[in-house]
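Q: Next come the chains, spelled out residue by residue.
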Amino acid sequence: DDRTTLVVQRFFGACEAEYGRNTDVAAAEGECGIMTSIINRFEADNPDIRVVENIVFWPGYDQLTAQLAANDAPDLVTMHGSVIADYQARGLLDPVGGDLATVGITPDQFTDAARRAVTIDGKIWGLPLDSWTMLWHVNTNLFRKAGLMRNGQPVLPRSPEELLAQAEQFERRTGKPYLVQATANEYASYTRNFYTFVMQQGVPLFTDARHANFRTPAAHRALELFKQIRARDLTTQNQDYSAAVASFLNGGGGVFLVGTWMVQDFDTASRNPDSALHNGYAVFPYPQLFQRNVTFADGHNWVMPHNPERTLAEHEAVLRFLKFFAAHDADWARTGHMPAFAAVIDSPKWRALPHRAALAEIAHTATPLPKQIRRQFPIETVVGQEAAAAIAGNKSIDQALADMERRVNDILQHI
Amino acid sequence: MASLTPRRRRATDWTNALFVLPYLIVFVAMIVVPLAWGMWLSTTKSDLFGTEGFVGLTNFVRLFGDPIFLQTVWNTFYFVLLTVPLLAVLGLALALVLNRQARWAAVLRTIFFASTVLSVTVVTLVWRLVFLPDSGLLSVVTRALGGTPIAFLNDETLAMPAIAITTIWWCIGLPMVLFLAALQQVPRALYEAAALDNASRWRTLTRITLPAIRRTFALVIIIEVILQFQLFGQPQLMTLGGPNNATRPIVLFIYETGWRQWELGYASAAAQVLFAMILIAAMVQYWLSSRREAR
Amino acid sequence: MRFGRTHPVALTLIVIAAVLMMVPLFWVLALSFKANAALMADTNSVFSLPYTLANYRTLFGDGQVFRWIMNSLIVSLGMTAGVLILSSLAGYGFARLDFPGRSVLFVIVLLGLAVPEQAVIIARHQMLSLVSMHNTYGALILPGLSAPFGVFLMTQYFRAIPRDIDEAALLDGASRFKIFWKVLLPLTIPAQATLGIFTFLSAWNDYWWPLISATNKQMFTLTVGIASTQMNFAQTEGLGFLMAQAVLAGLPILIVYLFFQKYIVQAVAGAAGR
Amino acid sequence: MSGVVLDGVSKRYGAVTVIDRLSLTIAAGEFVVFLGPSGCGKSTLLRMIAGLETVDGGEIRIGARRVDHLAPGARGVAMVFQQYALYPHMSVRENMAFGLRNAHVPADEIDRRVAAAADALEIMPLLDRKSTQLSGGQQQRVAIARAIVKQPDLFLLDEPLSNLDAALRMRTRLEIAQLHQRLGTTMIFVTHDQVEAMTLADRIVVLNQGGIEQVGSPMDIYLTPRTEFVASFVGSPKINLLPVTVEAAGEMTRVRLANGAIIDTAVAAADLPAGAMTLGLRPECIRPAALDGAPLAARVQVVERLGERTLLHVVLDDGTPIVAEDSGLSAVRPGDRIGLAVQPERAHLFDADGLGHHPAQRG
Amino acid sequence: MSGVVLDGVSKRYGAVTVIDRLSLTIAAGEFVVFLGPSGCGKSTLLRMIAGLETVDGGEIRIGARRVDHLAPGARGVAMVFQQYALYPHMSVRENMAFGLRNAHVPADEIDRRVAAAADALEIMPLLDRKSTQLSGGQQQRVAIARAIVKQPDLFLLDEPLSNLDAALRMRTRLEIAQLHQRLGTTMIFVTHDQVEAMTLADRIVVLNQGGIEQVGSPMDIYLTPRTEFVASFVGSPKINLLPVTVEAAGEMTRVRLANGAIIDTAVAAADLPAGAMTLGLRPECIRPAALDGAPLAARVQVVERLGERTLLHVVLDDGTPIVAEDSGLSAVRPGDRIGLAVQPERAHLFDADGLGHHPAQRG
Ligand SMILES: Nc1ncnc2c1ncn2[C@@H]1O[C@H](COP(=O)(O)OP(=O)(O)OP(=O)(O)O)[C@@H](O)[C@H]1O
Ligand SMILES: Nc1ncnc2c1ncn2[C@@H]1O[C@H](COP(=O)(O)OP(=O)(O)OP(=O)(O)O)[C@@H](O)[C@H]1O
Ligand SMILES: [Mg+2]
Ligand SMILES: [Mg+2]
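Chains as they are written, first to last, in our numbering: chain D, 1408 to 1822; chain X, 11 to 305; chain F, 596 to 869; chain W, 61 to 423; chain C, 61 to 423.
Simulated from the structure, these hints should not be mistaken for laboratory data.
Every residue, glycine too, gets a C-beta built ideally from N, C-alpha and C.
Don't take each hint at face value.
[Stated by the list, open to error] With a straight-line cut-off of 30 Å between C-alpha atoms, the simulated BS3-like cross-links for lysine-lysine are:
no.	chain 1	residue 1	chain 2	residue 2
1	F	K777	C	K298
2	C	K298	F	K773
3	X	K55	D	K1778
4	F	K857	C	K298
5	D	K1730	D	K1756
[What the hints assert, rightly or not] Stretches of chain F that chain X covers, calculated by requiring three or more beta carbons in the stretch to come under 8 Å of a beta carbon on chain X:
no.	stretch
6	618-630
7	749-759
When you get a sec, could you build the whole thing from the sequences and use the hints?
A: Encoded structure:
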């Protein structure tokens, strides 16, 4: 075998049984299926390259870290935008911007969110695959019952007060909670909600790379809103992720706060006559409750770990692989994630996908945390824990924000 | 012993050490050296890719001022207290009842062991489904009985006991098997004598069986203390250490600081503290049991 | 033995406990026969028809599973054999033989019991990187061999064997190794079986070390391999599949257990005489 | 104080039948000794009575109660195990007190009984030792003491004196005899020692291969053994057994040895079956005599001096070995040719089935 | 075949001295019996020779080699343990073959030896049983067989016959005696059985409290016990010991009992220390006699019939208990008043230090 070996390490799971040989990307469904099919297709189209697909358990960073420490770097790795800075700062990644330019991929083709996710110090550190955000998944059947439909469109709140009022109306009319949330064994959504609604108030979450800025009225308001929702029983409680999904599918509540990756599943359900969502599903970006229309976002990217032993041939294979993926961004976007290329968003093909038109604005409103903030993963956990404690009433909001800030600063100080 | 020629004796003795040598080599390579390495790391500022410098005891000072860490210490102790005595007592009880050749005993032994074969991922997943207040097994039962389901894993005071129950369900096989093996060593004649001495079951247990297997009892306690101090997977997967850090154990803290925050020095320091705690707990137990033996 | 009859209260309690123990197990089994989509909508659908073999088909459809099972078997059996050999030798040495520094060494080994994996795993990883051993069976087995538990268990067990059996063998001119091998070792079979089960189990279920040592998918063990196939939200979207994986992963251990358990309870009592 | 009834009890280990439908009645207060060759089932029988072995058939009653379904502790028996079975982690005192504590005997009563038993068995100074720190004989005495303190209805003793020296053995034997007299407890005692059996037993049960050969008083057993087996098993040195043919049968039987010598017996000829017979002569009824006039002549091979008596191992002309007895200060030496005199009133005859025919009993 | 020399050996368990500077020389090929009360240190001594106990002082030589630093396996000894110590997981055959395999004896030779020993000890049918499935006596025989097959230089046997019945015991004893004659192996044998000691031993070593009381041939020990301890320990039933005062000392000593009766002895008066003495009379030299003319009169309390002889437990007028002996068919009954005749040439005297004075030996 004199083919060049390309070691590609990724998450998104394995589905050999279903898609092991599939090269028809259009026929694939779901993150795993589409990813597998694109890679299969790449191999089929590039017979001189052997792709070793190393699938790792989500999110795979423990393993990657161990590999890098053992000088056993793969050629390409899937990485969240929020994590890139950590590896980049330690010199563990190679920039790919120059290389991408040689195959005609330039940063200006990316959406804002995607570009921001891979740009550090003016260099491009990876090829963005997508951006994703939390969305407002709506059960329009229940909304109708609650009298929250106007012109066939759900009425969405425009301020915290409206949110509470509509939620109470919903609750009165349907007897069900307005919001469905995964709050058990789950902190990420707390963090994302918190980030989003603080950002909407135009208050920076971090004053600089080493300092969090959580003891602000804006932060207080964001938590207070969710505390109210919970206190007034306007949300499902004590559901973990699976239970929340099941609950929403079964018509357990009006709005499910979950990410882009569920659009496909719920859309499928809405076509099923037995489902509570039958002909009753719509999805929207988070409503603008405060001054600014922004939504916290993150995204998946391909990055290239630094490896001094990588040969020219291998390097070239990497480039071909990235180029191939860039060309298939539209296929990937069928997962529900936002495309990384502005051109895809503008394409009729993408807009024709269910509900995508309503989501297009995310390309502009999606906002990741500033790139200079490292350790976003552990910070997300800390923020989520403290937010949860405040919302559940285990601590006062101010105490939680103070603890949050102290703990995050502690992490940032010790980098 | 004046009569023993020293040279000869030493020669014999050194060859005796050959029996333990193979293990000792592995022990030194895989425990002693890494431990020393870890101790050194705990005095540095490092991540997995290198060391920035020696910082002395700074990491330890920071640990003892870190309320989150202190909470994990307490959580860990609490968990050990919840599980270890129960594991030992239940394991012993099971072994006592199931220590016979009968077919039903073999079947029951297998049942009580079966949960041990599952990996922590599956165990926690199943028990999350059990504890879920919304649609979990317990809630279904509670509702059927007319009660209101309790959110075990979302309740600051109930989360740890829920994890303890899960752990006991998962781990009961090992102490049971250890006790079973020990019971095999008790000469049957002793039970016969006790039966003729009209000893009640309880007295046979306390005066014959327990003294005969007390070494194993100590072993089980020590092993379980050590294992349960290293609680990690259950809270990581069931509660993520919450709610409000109520179930965050030391190892989860170590994992998060080391692998997520990349503060290897700090994580190593926490690992050393854990080591010291286990050491003290195990030694106290060992000392207690060997003192009882000496008497 | 007539007086060994089980007390009815104890029997009742234990049967109840066994039923409670089994409920989650049966649940796992039942879940593994349900379609993922049905479970996503409602986990309680497990209590009703239809059931399907689809999850198992998917599981075996991925040919990799067999390789991972092989890897896991090699690692687990290798580690079990190694631990049994090393621990028995060392246990005999510590329990029965005298050599300079014996008690100090034993105490040091006991201290080793207290070393948590977290305190050594990074250093182990780096050491094995230095000798480029990662992604080999050796690297997967080696750390497990150092666990002092086996030595502790075997030492305790050897100590409880009556000494006059050794003495008879000594007079029979048996070498120390022969006494160990032919006379005492057969009497420790219950402990061997226990240790065997325990070691196999922890090797089989170990996740953390193989995750960071076996990064090449050809070297994945079953736990790591199975985890790698999972999507982020596998527990929601692939619950049935997950449970099928659990059943598959658990079965070999159960078989190993069934094989060993008869040696735990049927072995010759260590104490001589009736 | 209770009698024991065994009714057709059987015991099998796998395919091997160790006790075969054995029936026996022991009166309350009786002292019965089980005598039999090694492996014949004595311990097994004792353990079945105690409840330590299941019964594969038949039933066992102690006193009025049927016990074969009762737990050992409920049968009111105390047992001294052949291998002692002391509790290794307890001191001697605790070993002895354990059973009493279980029976909730008051502490001072326990102390009293322990002290008394320890005194009788001369283990006072050992009371606070661990039982593993004792010599064999000491362990055996502790085992006896442990049974004694319990003052049970029924004592089972399995070779309880085997590891004691002669003097201690005698004292302990006396102690047991006195205990029996004092308490009137029923006792079953396994021994292989004739003297013990003879001196202690009200009745002796001779066992062979899981069945009973003969039950009777010691003198019965010794003087009128029911079978050849009993005759040869009881008595030390062993009875001489010589094949004979019945010669002329007057009122008493006269037999002819293989070498042609004629011996008169006191066995009534009347009820004797025809055919070849075996003559049984105990050594002590064969004494050296002047060569001429003695019915038998023999050459001395070994002279075994036992102190108070001397055993003469001799062979007849045709090579038949015989053991005869002489006084302790016998002047006979190996190689001597001597005559042998036989006491006719002590000669036994055994028929082809092994059944014994004995002289009419005196008085 | 090697002699054994113990030179001032001592053994302590903590504070307790169990063997106290004991010295003893055993010639090659000799058969020595250790006799002594329970707990006197017999087993300990044997175990020290075997190398199973460390020696706290002194030295031990087997043959020409000093062995106290050698491993047990290197000393060329075989031992039968008091508690058997069979390998529980091995069959009888494996138990016996184990030592031979270790010595690399060829397989067919092993088979031969095992078969021979099993045959001699009558355990042939048990060869394939697990040793846990044997009766006590069977286990003991396996233990002996296991030692025999090894054909060692030195045999150590710790009460090897204690669990055998009389007949088997006799046969096994004979087997051991023949083995000794055939192989000429040195043997050290612990027993508490007189007859065993008497019949087997070339020399008997009487131990007491960790030291040697007397070493001598069986007849020496029986006829001229060095101390009162030896006299009373050896002999069954026990020697009668009566406090006396030396009356008139002619050439032979004449003594007076507490009740005034006069008894003549054959002890030379010359070398006798002055003062109170103890008269030792073995039961077999006190015989019932016609009341008138007998030196002693007594009332019979217990008549103990042992078959070939009868023991008479009598009390003198002043209450002193005495054991006398009569023939097996004694007509004496409890309650009878009888006279007692004493054989003067068998009377012993012990002085205040317990040292014995005996009649001049015949021949
Ligand atoms: N481990 C020990 N600790 C303390 N004393 C002991 C220990 N082992 C034995 N002894 C004591 O040492 C003495 C000698 O014991 P040994 O076994 O040699 O006696 P023995 O002569 O064989 O007696 P027996 O005829 O009863 O077997 C006994 O008094 C015994 O109690
Ligand atoms: N577990 C067993 N399996 C098979 N046979 C056994 C078992 N236990 C005992 N036996 C056999 O049962 C028979 C009776 O044994 P038991 O112990 O009753 O003999 P015993 O009369 O007490 O002999 P001894 O005088 O030698 O102690 C023996 O032949 C023995 O070999
Ligand atoms: Mg027996
Ligand atoms: Mg002894």
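Q: K298/C and K773/F: Cα distance at most 30 Å?
A: violated, 48 Å
Q: Taken at face value, is the distance from the CA of K1778/D to the CA of K55/X at most 30 Å?
A: holds, 24 Å
Q: Confirm or reject the coverage of the stretch 618-630 of chain F by chain X under the rule of 3 or more residues with a beta carbon closer than 8 Å to the chain's beta carbons.
A: Held - the stretch 618-630 of chain F has 5 residues with a Cβ nearer than 8 Å to chain X, which meets the minimum of three.
Q: Checking one constraint from the list: CA of K857/F to CA of K298/C, max 30 Å. Satisfied?
A: Status violated; Cα separation ~56 Å.
Q: Count the residues of the stretch 749-759 of chain F whose CB lies closer than 8 Å to any CB of chain X, then report whether that count reaches three.
A: holds (count 5)
Q: CA of K1730/D to CA of K1756/D, is that 30 Å or under?
A: holds, 20 Å
Q: Is K777/F close enough to K298/C, meaning Cα to Cα at most 30 Å?
A: Distance ~48 Å between K777/F and K298/C Cα, so the pair is violated.
Hint compliance for this structure: hints 1, 2 and 4 are broken, all remaining hints hold.
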